Amino acid sequence: MDVLINLSLNGLATGMLIFLLAAGLTLIFGLMDVLNFAHGGLFAWGAYSGIWIYSSTGSFFIGIIGAILTGMILGIVTERWIIKPVYGNHVQQILITLGLMLVLSEMLKVVWGPNQISAVTPDYLSGSWEFGGIIIIKYRVFIIAVGLAVFLAVQYLLKKTKIGLVVRAGVMNKEMVQSLGVNIQRVFMFVFMIGAGMAALGGMLLGPYSGVIYADMGMEFAILAFIVVVIGGMGSFTGSVMAAILVGLSGSFMAYYVPDLALAANMLLMAVVLIFRPQGLFGAKG
Amino acid sequence: MMTRMLSNRMNILYLLVAGFLALLPFVYDSRSLLILLSQVFIFAVLAMSYDILLGYTGIVSFGHAMFFGIGAYTVGVFMKRFEPETSYFLLAVLVTILLTAVVSYFVGLLTLRLKSHFYAMLTMAFAGLFLVLAEKWRTVTYGNDGFTFRVPDFLKDRTDFYLICLGSMVIVFILLRRFTNSPLGRVLQAIRENEQRTESLGYSVLQYKIIASVVSGVIAGIAGILYSVSLRFVNTSVFTMDITLDALLMTIIGGVGTLVGAIIGAGIIEFSHHWLTELAKVHWIFERWIIFFGIIYILAVMFFPMGIVGSLQKLKFRKKKKLEVSVESEAVSQGDS
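One line per chain: the protein sequences are B and H, in this order. Under the working numbering, the first sequence has 775 at position 278, and the numbering climbs by one with no breaks. Under the working numbering, the second sequence has 603 at position 127, and the numbering climbs by one with no breaks.
Just to be clear, a hint being listed does not mean it is correct.
To be verified - List of simulated lysine-lysine pairs, DSS-like, C-alpha gap at most 27 Å: (1) Lys757/H to Lys581/B; (2) Lys790/H to Lys581/B; (3) Lys671/B to Lys659/B; (4) Lys606/B to Lys757/H; (5) Lys612/H to Lys556/H; (6) Lys556/H to Lys671/B; (7) Lys632/H to Lys757/H.
Simulated from the structure, these hints should not be mistaken for laboratory data. What you are looking at is a predicted structure, and each value in this text was computed from that prediction instead of being measured.
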């Protein structure tokens, strides 16, 4: 029983981290039709800058704020300078964002050195609770809580506010929204900023969770996030959170029960989903 | 008429370049240059096979390393398990062709009905499965560390191997040019331009896409064979995303949909790779040469979106058009007078 709960909590926490990365990816894809391969780079930059600010100021909270701001600023720069020139051409988008990804992760090594950096959990989040033999690690609960809060906040933004309405309409039909007099460029930038901020937050939270951060973590998690986006259905926000949890849980259970297959777990999951539902779990048909 | 003459002139140019490259080892004896050029030829084969998918059929695959890796491992396993003799080498080549054909057929059958992004991700997943297989099936692959092996005598000499790589590249180039100019290749290009229209013309798009993926897969397998023979070593890195990305970048930088472009792209990437690593001795920043690589990609997309060969062709096309227009206007003005 305690094993099951532990595995579930672990899976949920990983799932939430992947969700933070995948949500931005799927919003950007759904709205702008852009495959952003540099998204993992923003994630890694969030982690490095956040951990750096955290260790130099001593405040975890300021670190989180710093990570989100770094992500947002980099996001705006990416949208303005890198993605804008290649709207509408997938092959060029893939190449240019991959180029940016390389630059971003190598720049990390220039600024903070090529070795991995260790990250510690702040005192008030370290340790664990114990309920009748079941040990619950506080930091994992914290990640799940933050992930849920972000999910609910974005859901509120999308469903209840005017900007959310515009974004949702934009995902459905970009030209229509533009012809109604909405400055779609500004909506793009806003969504990109939010997505980048979420990715950076995910990177920052990953630091104390895995204990170390390293420059190549961007690419590693970006692939996971892409898998999640594909499983959930491209452009579907609900799909991405469901798929992230699914991937997180299957990863943690497979690692415990069938460790030999753990590496392939996500790939298998994606292959099975796509063969039976080519548009993803929550994707619109066609 | 004009185009035929032009292509004849291009053929002569290709012949000259190939002849020059074939004679190079006998006049200029530099071991490192020979190795580097062999590497260029090997990756040119891979990039050309990728171009069949990306440039001629319009499919973005993220799993091309799968076929490259199958070739690399097949020849490695054969040379390690059996004797490093010519007969076994030829057998390994045959097995590679068979394996890559079968795998690309079935992967194509499963994945090619998906839309572009989903296809790309699913091929990546399949390549990922092969990577895991290579890591876990230790009795055959020795896991992550890989293994060294001996090669048959005729592949041992660097100059001979250089010539074999060059020959392979030339043969693949000729074969693929024949393939892309055939009626079948034309259908592939029609699919690239407009899939729905091709389908409504009565072509079974899926079948043609599978044919393209099988051709491309088999040739990537051959590139894999050459690659692992050149190192006399194989490990799981042949299945990684890096190989696919290299093929993608070479194709795009050289010019999508032009086989020569793939060759030029392979040359540029391999040489700049080599030079930027060398520059590390000059200044520490060049140890992080990947930054410059990334910047090159970004600039290439911004300023050469059609690749080098594509941009040149466009330039030539424009010039020709201008010439025609001026000739026409001259004719008109003469008619007036």
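Hints the structure fails to honour: 1, 6 and 7
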